[in-house]
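Enquirer: Put together the whole structure using the sequences plus the hints.
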Amino acid sequence: MKYLFSGDIQYYSGQKRKKKYLKKGIAVLLLAAVILFSAGSFYQIHSRYLQAFGRVERPERTIYETYADISQDYSRTEISFSSQGNKLKGYLYGPKKAEALVVISHGMGKGAESYIEETAYFVRRGFKVLAFDNTGSYESEGDGVTGLSQSVIDLDAALTYVEHNEELRKLPVLIYGHSWGGWAAAAILHYDHNITASVCVSGYNSPMEMMMEQAKKEKKGLCYVEFPYLWIYQKVLFGSAADLSAAECISETNTPVLVMQGAEDTVVPRDTVSILAHQDEITNPNAKFMCWSEKGQNGHSSLFRAPEYAEYRKKVNRSWKELEQEYSGNVPEGIAAEWYAAVDKSKMSKLDEVFMQEVYQFYKNALDK
407 MKYLFSGDIQ YYSGQKRKKK YLKKGIAVLL LAAVILFSAG SFYQIHSRYL
457 QAFGRVERPE RTIYETYADI SQDYSRTEIS FSSQGNKLKG YLYGPKKAEA
507 LVVISHGMGK GAESYIEETA YFVRRGFKVL AFDNTGSYES EGDGVTGLSQ
557 SVIDLDAALT YVEHNEELRK LPVLIYGHSW GGWAAAAILH YDHNITASVC
607 VSGYNSPMEM MMEQAKKEKK GLCYVEFPYL WIYQKVLFGS AADLSAAECI
657 SETNTPVLVM QGAEDTVVPR DTVSILAHQD EITNPNAKFM CWSEKGQNGH
707 SSLFRAPEYA EYRKKVNRSW KELEQEYSGN VPEGIAAEWY AAVDKSKMSK
757 LDEVFMQEVY QFYKNALDK
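Residues in the sequence shown are numbered from 407 upward in steps of one, following our numbering.
None of these hints come from the bench; they were simulated from the model.
Predicted, not measured: the structure shown is a model, and the values here were computed from it.
None of the hints are false.
Straight-line C-alpha distance at most 25 Å; calculated DMTMM-like pairs for lysine to aspartate or glutamate:
{"#": "1", "residue 1": "Lys753", "residue 2": "Glu700"}
{"#": "2", "residue 1": "Lys495", "residue 2": "Asp562"}
{"#": "3", "residue 1": "Lys576", "residue 2": "Glu484"}
{"#": "4", "residue 1": "Lys751", "residue 2": "Glu717"}
{"#": "5", "residue 1": "Lys503", "residue 2": "Glu569"}
{"#": "6", "residue 1": "Lys721", "residue 2": "Asp758"}
{"#": "7", "residue 1": "Lys751", "residue 2": "Glu545"}
{"#": "8", "residue 1": "Lys720", "residue 2": "Glu471"}
{"#": "9", "residue 1": "Lys701", "residue 2": "Glu714"}
{"#": "10", "residue 1": "Lys770", "residue 2": "Glu569"}
{"#": "11", "residue 1": "Lys756", "residue 2": "Asp479"}
{"#": "12", "residue 1": "Lys493", "residue 2": "Asp549"}
{"#": "13", "residue 1": "Lys701", "residue 2": "Glu759"}
{"#": "14", "residue 1": "Lys770", "residue 2": "Asp562"}
{"#": "15", "residue 1": "Lys694", "residue 2": "Glu654"}
{"#": "16", "residue 1": "Lys727", "residue 2": "Glu670"}
{"#": "17", "residue 1": "Lys775", "residue 2": "Glu569"}
{"#": "18", "residue 1": "Lys751", "residue 2": "Glu714"}
{"#": "19", "residue 1": "Lys701", "residue 2": "Glu670"}
{"#": "20", "residue 1": "Lys756", "residue 2": "Asp475"}
{"#": "21", "residue 1": "Lys753", "residue 2": "Asp479"}
{"#": "22", "residue 1": "Lys503", "residue 2": "Glu764"}
{"#": "23", "residue 1": "Lys775", "residue 2": "Glu658"}
{"#": "24", "residue 1": "Lys694", "residue 2": "Asp758"}
{"#": "25", "residue 1": "Lys495", "residue 2": "Glu471"}
Here are the in silico distance ranges between beta carbons for each label pair:
{"#": "26", "residue 1": "Asn660", "residue 2": "Met696", "range": "17 to 23 Å"}
{"#": "27", "residue 1": "Asp549", "residue 2": "Lys622", "range": "24 to 30 Å"}
{"#": "28", "residue 1": "Val642", "residue 2": "Ser725", "range": "42 to 48 Å"}
{"#": "29", "residue 1": "Lys720", "residue 2": "Glu687", "range": "33 to 39 Å"}
{"#": "30", "residue 1": "Tyr597", "residue 2": "Glu700", "range": "33 to 39 Å"}
{"#": "31", "residue 1": "Asp750", "residue 2": "Val673", "range": "23 to 29 Å"}
{"#": "32", "residue 1": "Lys720", "residue 2": "Arg575", "range": "42 to 48 Å"}
{"#": "33", "residue 1": "Val673", "residue 2": "Ser725", "range": "20 to 26 Å"}
{"#": "34", "residue 1": "Arg531", "residue 2": "Gln685", "range": "26 to 32 Å"}
{"#": "35", "residue 1": "Gln767", "residue 2": "Lys721", "range": "30 to 36 Å"}
{"#": "36", "residue 1": "Ala743", "residue 2": "Arg575", "range": "41 to 47 Å"}
Where a beta carbon is used, it is the ideal one built from N, C-alpha and C, also for glycine.
Expert: This is the structure we're talking about:
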């Protein structure tokens with residue numbers, strides 16, 4: 407190099423600077439690409455959340471029984487409590503002197519009255535019942551239901567209300583949750599509440615597992631790339647509740663827990679994301695597991711409905727789909743009203759006595775201990 411002219415030195419020096427600037431340019435472009443991809447991912451996740459977890463209003467009509475159908479036999483008292491700044495509406499049913507308090511955590515897209523038959527069942531057996539509308543559902547405040555972790559936050563708020571109520575806090579607490587509430591009925595065991603027993607019906611093991619299951623169907627391999635962004639978004643919304651899994655929460659205690667699942671559940675698939683799928687991970691010696699496989703009673707909600715009316719329920723659902731197809735999804739008001747009036751709500755709502763007896767006996771055993 408000592409024989410090079412000054413022009414050669416300048417040339418090599420210039421080449422080094424070009425390589426240095428090129429590396430910096432590539433690094434800047436890569437950083438910009440990561441930022442743009444991240445921003446796009448967060449925006450897409452946010453948009454999907456707003457779409458998937460919006461408000462759930464009480465339907466004007468329903469094919470299932472509501473409180474209005476049984477109000478002559480069951481009185482109730484309205485209550486309210488706060489959850490993350492939202493006022494949640496609740497209802498107390500049952501005798502003043504009760505053996506225990508059953509707190510019902512409902513499924514997504516539903517409200518407290520969606521489980522009015524279960525409520526009446528427990529009241530008839532001497533229990534007091536607290537059923538409430540989760541955030542963004544029916545009569546409760548909230549712009550939306552927020553996400554899959556919200557149910558345990560609202561259940562925690564409900565139990566905090568119970569513990570500050572002079573009458574209710576004297577009663578043993580029993581939890582009954584379905585789907586969204588089924589996960590909450592397990593995750594609530596992570597919180598500092600005195601729970602005598604909990605029943606988890608059709609519950610998913612964790613919110614992240616449930617969302618990834620759906621993402622796999624829609625985006626396949628791309629869902630793994632977006633997993634970190636989904637996790638961060640969940641953490642921002644729900645904090646530590648975002649990381650709770652039913653299997654771990656059940657294993658943290660010796661509280662009696664009954665897990666009930668339909669073998670052909672298509673909403674919370676039994677073999678992948680259900681609590682039952684994680685049965686081998688649960689170390690709680692007082693956990694019990696039941697899988698319902700009888701045809702017509704092995705789905706997400708059908709497992710607690712009377713099997714003798716399974717065909718009737720299918721017929722009703724099929725009839726409505728045909729009506730929607732006939733009118734391109736816009737069924738005229740008069741025809742819709744006539745169709746709803748013809749549905750036998752009692753057959754649609756009737757519970758399976760065998761299923762409910764399993765729940766009741768599980769509660770009784772826990773109370774006797």
